[in-house]
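Read top to bottom, the protein sequences are chains A and B.
Quick note, the first sequence lines up with residues 1 to 482 if you use the numbering used here.
Quick note, the second sequence lines up with residues 483 to 683 if you use the numbering used here.
No lab work stands behind these hints, which were simulated from the structure alone.
Since the structure is predicted, the reported quantities are computational estimates derived from the model, not experimental observations.
Warning: the hint list may mix true and false statements.
Unchecked claim - Which residues of chain B face chain A? A partial, calculated answer using Cβ under 7 angstroms:
1) Asp-502
2) Leu-649
3) Gln-658
4) Ile-662
5) Thr-676
As the list claims (entries may be wrong) - Stretch-level coverage of chain A by chain B, calculated; a stretch enters the list once three of its residues show a Cβ under 8 angstroms from a Cβ in chain B:
6) 49-59
7) 164-170
8) 263-269
9) 422-428
Ideal placement from N, C-alpha and C gives every residue a C-beta, glycine not left out.
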Amino acid sequence: MSTMQSPQTLAEKVWNAHVVRHGEGEGEARQPDLIYIDLHLLHEVTSPQAFEGLRLAGRKLRRPDLTIATEDHNTPTLDIDKPIADLTSRTQIFTLRDNCKEFGVRLHSLGDKEQGIVHVVGPQLGLTQPGMTVVCGDSHTSTHGAFGALAFGIGTSEVEHVMATQSLSLKPFKTMSINVEGTLKSGVTAKDIILAVIAKIGTGGGQGYVLEYRGSAIRALSMDARMTICNMSIEAGARAGMIAPDETTFEYVKGRPHAPEGDDWDAAVDYWKTLQSDEGARFDNEVFLNADELEPFVTWGTNPGQGVSLSSNVPVPEDFEDENDRKACERALTYMGLTGGTPMKEIRVDTVFLGSCTNSRMEDLRAAAEIVKGREKDPQIRMIVVPGSARVRLEAEAEGLDRIFKDFGAEWRFAGCSMCLGMNPDQLAEGERCASTSNRNFEGRQGKGGRTHLVSPLVAAATAIRGTLASPSDIANTPVSA
Amino acid sequence: MEKVVTHTGIGVPLRQSNIDTDQIIPAVYLKRITRTGFEDALFAGWRRDENFILNTEPYNKGSVLVAGPDFGTGSSREHAVWALKDYGFKAVISARFADIFRGNSGKQGLVAAEVAQSDIELIWKELENNPGTEVTVNLDARTVQCGSIVAPFQIDDYTRWRLMEGLDDIGLTLKQEADITSFEATRPAFKPQTLPARTAD
Ligand code: SF4
Numbered sequence: 001m002s003t004m005q006s007p008q009t010l011a012e013k014v015w016n017a018h019v020v021r022h023g024e025g026e027g028e029a030r031q032p033d034l035i036y037i038d039l040h041l042l043h044e045v046t047s048p049q050a051f052e053g054l055r056l057a058g059r060k061l062r063r064p065d066l067t068i069a070t071e072d073h074n075t076p077t078l079d080i081d082k083p084i085a086d087l088t089s090r091t092q093i094f095t096l097r098d099n100c101k102e103f104g105v106r107l108h109s110l111g112d113k114e115q116g117i118v119h120v121v122g123p124q125l126g127l128t129q130p131g132m133t134v135v136c137g138d139s140h141t142s143t144h145g146a147f148g149a150l151a152f153g154i155g156t157s158e159v160e161h162v163m164a165t166q167s168l169s170l171k172p173f174k175t176m177s178i179n180v181e182g183t184l185k186s187g188v189t190a191k192d193i194i195l196a197v198i199a200k201i202g203t204g205g206g207q208g209y210v211l212e213y214r215g216s217a218i219r220a221l222s223m224d225a226r227m228t229i230c231n232m233s234i235e236a237g238a239r240a241g242m243i244a245p246d247e248t249t250f251e252y253v254k255g256r257p258h259a260p261e262g263d264d265w266d267a268a269v270d271y272w273k274t275l276q277s278d279e280g281a282r283f284d285n286e287v288f289l290n291a292d293e294l295e296p297f298v299t300w301g302t303n304p305g306q307g308v309s310l311s312s313n314v315p316v317p318e319d320f321e322d323e324n325d326r327k328a329c330e331r332a333l334t335y336m337g338l339t340g341g342t343p344m345k346e347i348r349v350d351t352v353f354l355g356s357c358t359n360s361r362m363e364d365l366r367a368a369a370e371i372v373k374g375r376e377k378d379p380q381i382r383m384i385v386v387p388g389s390a391r392v393r394l395e396a397e398a399e400g401l402d403r404i405f406k407d408f409g410a411e412w413r414f415a416g417c418s419m420c421l422g423m424n425p426d427q428l429a430e431g432e433r434c435a436s437t438s439n440r441n442f443e444g445r446q447g448k449g450g451r452t453h454l455v456s457p458l459v460a461a462a463t464a465i466r467g468t469l470a471s472p473s474d475i476a477n478t479p480v481s482a
Numbered sequence: 483m484e485k486v487v488t489h490t491g492i493g494v495p496l497r498q499s500n501i502d503t504d505q506i507i508p509a510v511y512l513k514r515i516t517r518t519g520f521e522d523a524l525f526a527g528w529r530r531d532e533n534f535i536l537n538t539e540p541y542n543k544g545s546v547l548v549a550g551p552d553f554g555t556g557s558s559r560e561h562a563v564w565a566l567k568d569y570g571f572k573a574v575i576s577a578r579f580a581d582i583f584r585g586n587s588g589k590q591g592l593v594a595a596e597v598a599q600s601d602i603e604l605i606w607k608e609l610e611n612n613p614g615t616e617v618t619v620n621l622d623a624r625t626v627q628c629g630s631i632v633a634p635f636q637i638d639d640y641t642r643w644r645l646m647e648g649l650d651d652i653g654l655t656l657k658q659e660a661d662i663t664s665f666e667a668t669r670p671a672f673k674p675q676t677l678p679a680r681t682a683d
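Just chain A, same shape as in the assembly (with noise of 0.2 angstroms):
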């Protein structure tokens, strides 16, 4: 990265900003820096030897006031109140209750008004704030950087030593800049973005940067919506994602629990406005997508780079020039039962989720909402829906939403990570087809054999209502009763 003279990107701002010690050297010779950490998110699953690994040298977690916690990957979303069933899941969550307790971090457990998912959580409460330093042991982390911040996902021991020390040793990223200018066509979402600049740049395309999403469609987009962008930067490969702050950021972030008040708001805002790419800042590479001609898009096989136009029909491997992605795309219509060919319409889903830390937020579900708001599920479909924190199940409800979604026929659950990963009860059969509101279709990710097509909330509601994987076009003229 530059240094302070020359014109910065977003990215270098931020990284300049958090410094605490400079490493030594040039070039590739360069010594890592030393960067300080302004918020860490915990989790059940990869805090527990972090935390074993601080007692058994002594050590203090450093800052308490800058770590928060909340149970997710392993949470039930049905019966809450009776104990968790399986016995791995149980012992994380009770580890997660005693460590927190005795080195004095906040929790939002299961059944708290706060709990949920840990990248839902942080925007929520106001602790994710732009042109801060946001890490979390989930890659996901990525998804704060929607408000500008540097958030990325960490190891264990890097876990240990953000708590022991609240700083990273690390090398500077790359950056990217990933323009989208153009107006999305109504139908077309944040969703869709994503998914095709993955299938544009490759699942290897991020490796090594920090992408900054940038142009008119980009500063058009909700926080909502630019979360759902950010979160899946991780699957192009990406270290972190990043969008600059801009009025629609100051205005979410106003008001909330942790948001500065008074003088600090007036500080907080007068840098945050700074907190832009320079004219003539450099990027280490440059993607351009025109928002006009984006459609709605989903995935056909079994990472998210393999997605199509949903309009279009599933790949044979001869569309593949390289012999890699010939096989690969072989091997992923083999698990995904698919014929090549076969327009992308025509595959008839068993199971339709929508949540995750992708697409669970009030915006992901009103606009399923909206689209299924007085139409007849497909009998044969299992839809849940599932909030992406408690306090997004609150207001949903405030709002009347649960009662659209089970009068449609959907299963209204408790917040989580759910079905986005087969770690707790909420999975996929062996053979089972999903449209899936979440980020990642490998195989086996939603349970084994399950197998995964990443789509939009709209395309999830559209689809519920098909049978099909459809988008809302689709069904236009599918009966509303009143």
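Please arrange chain B with the ligand on chain A, whose structure you already have, making use of the hints.
Just chain B with the ligand, lined up with the frame of chain A:
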């Protein structure tokens, strides 16, 4: 992390190349939530065979593992080093280590000493002919000694320094604690804190 300058202990000859981390510790043990107590997990698959070397006296009391080339390949699990340490190993000798394993070892105080395969063959013979022979790993002199065999070993300067000083990653960063504290003093007042907890109601 404990300082290691020299270590002397019973050598265990493991005539096997390409020992991957799945062999060192099978995946089923990764579900645990502890950082210690992985001694039973070390080579768990192989230890079911009663003739496996760690099931025989006096090798079961060994603390220096002498293995074939390409030790520690495969998944990056940090548990592989924990298991070796928990069992009582202080050093592993091999002609070649997988990068990530070597990195993880250095961070956690396990010496990974790279010794030429020709020397390893000699050490294996010595340890097999005279079970219970001790091996000395001397970081200061960068040598391993076993009976009359003295062989040089390779280890990068930085890792060697850290091992001899007993510095783990956190220990190293904590040496810069004064810098961290002064940085903290400059953080703007508007930065949020999680405590005292505030919620929407
Ligand atoms: S919802 Fe899915 S991706 Fe997000 S934190 Fe949970 S498991 Fe990870």
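- Query: Among all the numbered hints in the text so far, which are the ones the structure does not match?
  - Reply: Those not satisfied are hints 1, 2, 9.
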